[in-house]
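Construct the complete structure from the given sequences, taking the supplied hints into account.
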Amino acid sequence: MTTTAQPGGGVAVNPLRKGLATSRITDPCNIVFFGATGDLMKRMLMPAMYNLRLGDILPANYGIIGFSRSDDDDDKFRDEMHKSIDEFSRTGPAKDPLWSDFAKHLSYVSGQFDDTACFHKLREQLEKNDKELGTGGNRLFYLSTPPSLFAPIIDQLDKAGLGPHDNPAGWTRIIIEKPFGTDLDSARALQAEVEKVFDEKQVYRIDHYLGKEPVQDIMALRFANVIFEPIWNRRYVDSVQITAAETVGVELRGGYYDNAGALRDMIQNHVTNLLALVAMEPPVSSAADAIRDEKYKVLCALRPFESGRLSLDAARGQYDAGSIAGKPVPGYREEPDVRPDSNTETYAAVKVLIDNWRWADVPFYLRSGKRLAHKVSEIAIRFKSIPHRLFGDAGDALDNNTLVMKIQPDEGVSLRFNAKVPGPKMHIRAVSMDFNYGTGFGVVSAPAYERLIGDAMRGDATLFTRWDAVERAWIQYMPLLDKWLDSVEDGFPNYSAGSQGPPSSDRMLAMDGREWRKI
Amino acid sequence: MTAEPAAAKSSLEEIRAELARTKLTASTMNFVVWIDDITRRDWILERTALLSDKHPSLTIVLDHTGSCEHGVVRSGEQAEPVEFTVQGERVQIDASCLDAEMVLRYVSALIKPSVPTILWWSGLNEDSAPIFYALLPLANTLLFDSSGGVADESTLRRLATFHAKHPHVILRDLAWLRIRPWQDMIANFFDDPGDTNDVFTIRRLFIRSGSDAEAFYLGGWLASRLGWKATGRDAFTDLARATVHFERKREGEVRRVHSICLDSETSWYHAEVTEDPSVVRMWVEGEHAREPRLFPLAAMDNASLLERAILEGVTADEIYETALNSVATLLG
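Heads up: the sequence lines are chains G and W, in that order. Throughout the first sequence, residue numbering follows the numbering used here, covering 1223 to 1741 in sequence. Throughout the second sequence, residue numbering follows the numbering used here, covering 305 to 636 in sequence.
All clues given are correct.
Covered by chain W, according to a simulated footprint, are these stretches of chain G (three or more residues, beta-carbon under 8 Å): (1) 1270-1284; (2) 1315-1327.
Below 25 Å or equal to it, Euclidean Cα-Cα: the simulated PhoX-like pairs (lysine-lysine) are: (3) Lys1305/G <-> Lys1264/G; (4) Lys416/W <-> Lys1642/G; (5) Lys358/W <-> Lys1628/G.
Hints are computed from structural coordinates only; laboratory data are not their basis. All values derive from a computational prediction rather than experimental measurement. Ideal Cβ positions, reconstructed from N, Cα and C, are used throughout, including at glycine.
Structure, rendered in structure tokens:
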């Protein structure tokens, strides 16, 4: 809500905003993208900025500065961004006169990420924007570079007088792309660099999964309805499965991915964040820290992996050649920039337990992989069996009730329950009750980056990850990461592209008498 | 449910038999559509088909555009079946010769009681009023379009009068939904903290639009948000008892707003459609001067507006109702 101080000292709210869907960013500001000529900028970030502008979310006075090593100038940068919007924007190509109006706010600074002189050039551009575009000294820095450059950039920002303590007239915030570190030590080292310049409230660690509409709906489903919360516990829930399956391979990210793997790339951050949202206690308010406090408590309650059970509570896989949608695709080790004898997992599955009153003994099965049969991200809450089988033989086929929150594709919620098949016999069959966002609300959800960049500009950190949560997640997964790093998996590759994943993952659930939902 | 009269029984049995053949779906609403304007018949049928294809619904189209042979209106005592077509879960009934009681019999016998009923009343014909009031108790939500068939204020006036008499009926008006982008733009003028207080010193509002309904709605909306009281068709008094002049000019394409000017004590706020009808230029002169900015005008087609109206659910829209009350006061 837009507020302003009144002469008498009170606060006036813009009375015209009540009931309108748009929540505008009111503070003028500059947003600086480091790594501005990279793929993420072209595919996601610049289209997101353009659509924030089209949606009237951006303030009247804003500046967008690209910073990268490429020897571009303002005009070339604008041309490149125009092309990227034309190709990737959800609202279609950028057209005049709207594009020309937007382009006036774009500028480019070419420079090395470890060269203080280049950061002084950036400072000059920011001050120029403050003067000419009225951006008011407010600054949001977005690190969309390779992670190895995060610390050097933060250091240079400080040296060039661009840190928050050198900018008392306005606010300074920083968005840091994932991954935040590659292990516990490197994450702590990066955090130490961040803390030298920024306070925690000025840091926005992005996990774009949290910006997806269905992820936000997890909280709405749980805390805006009365019917789910009473059964959201160990008494009624048998198990939870969280899946993030992709059909794509590593594409052009082979160099990065071969040093990361599925556990680091997906499970430790995206999937564990989903786990925290599903398992957390009701927060005392919708304030950012109230929600993040509850998520952090869940992470603190995760039972550490036992060294003697790692092979029972986790499974890894690497894809071999196969076919996706009828087209042959290469195996992981044949992908560009991947070592031919790589030991990196492209599939990871873990079983975790949460040692608290709500979830004791309820297994949470998490899995993520590349080159699987279908692209599916979902959370499936499987409820316990009925206590008494009233329908005799007909009851043998009864499915456990399952609530599925679909994150992508076909965003929505599905509840599976048993119903009588019409006819003279008592024949029971499982049926689904489905809600789909697209048809339910008649609107297409905005991409996660639009939501998250807008939130950071507003100063709302709810959907960003706090350091304590990042650290706890690393602490949880380090024993497994170390074990997998130290032991060569002789069976790699162990699943075909286009399949359901490695057999070891199925065995992990089979030992508990359960099975994965089909991807 | 009362017993079906002989006149309706045979038709209803046939309709039910046809419906029973359709694939089982999970209807989320009953969508009842009344058509009595031959010039808009095809347009309404097309939109209805689009909506019922997309949203699982039992759709009942009551087509009152045909001629009634020999001027005979069928009542409950006359046993001649009506003409109808059934396509999936869409039933189209020739209601040209049915009286209010018969229409009610058909609709109440066919709708599913467990889901909400939305009545899209596209009627302009005063003769249809008895049928409208007969169907009204069945409807959870009533859809109108105040500028659908006319450019003047007449339909909006009827709607405002109706709302005053039936404040508990949930209303959706497409003309109101059309002004949403303009509401956003006007709010935009006063979002910045240094500008917010200026909204309380507006002295003149001037709107150019192709139909009256949109202009009155914008005036009514501002009045309801800012505590203005109408003192006639062309003026309000604000909370400080200062006069706010309300001027309108009907010109240009119907059902579209073309420009808005708000004059405050210190500044002039302008929003105007450019040569490109999908772009609006906004600028401010005076103490709160702001350079021109361009905004896309998300002009939604009527099918999308209808869909939005339906999906907004069956609860009252408080902002709309207070705006409509202000409109009612303006229109006297």
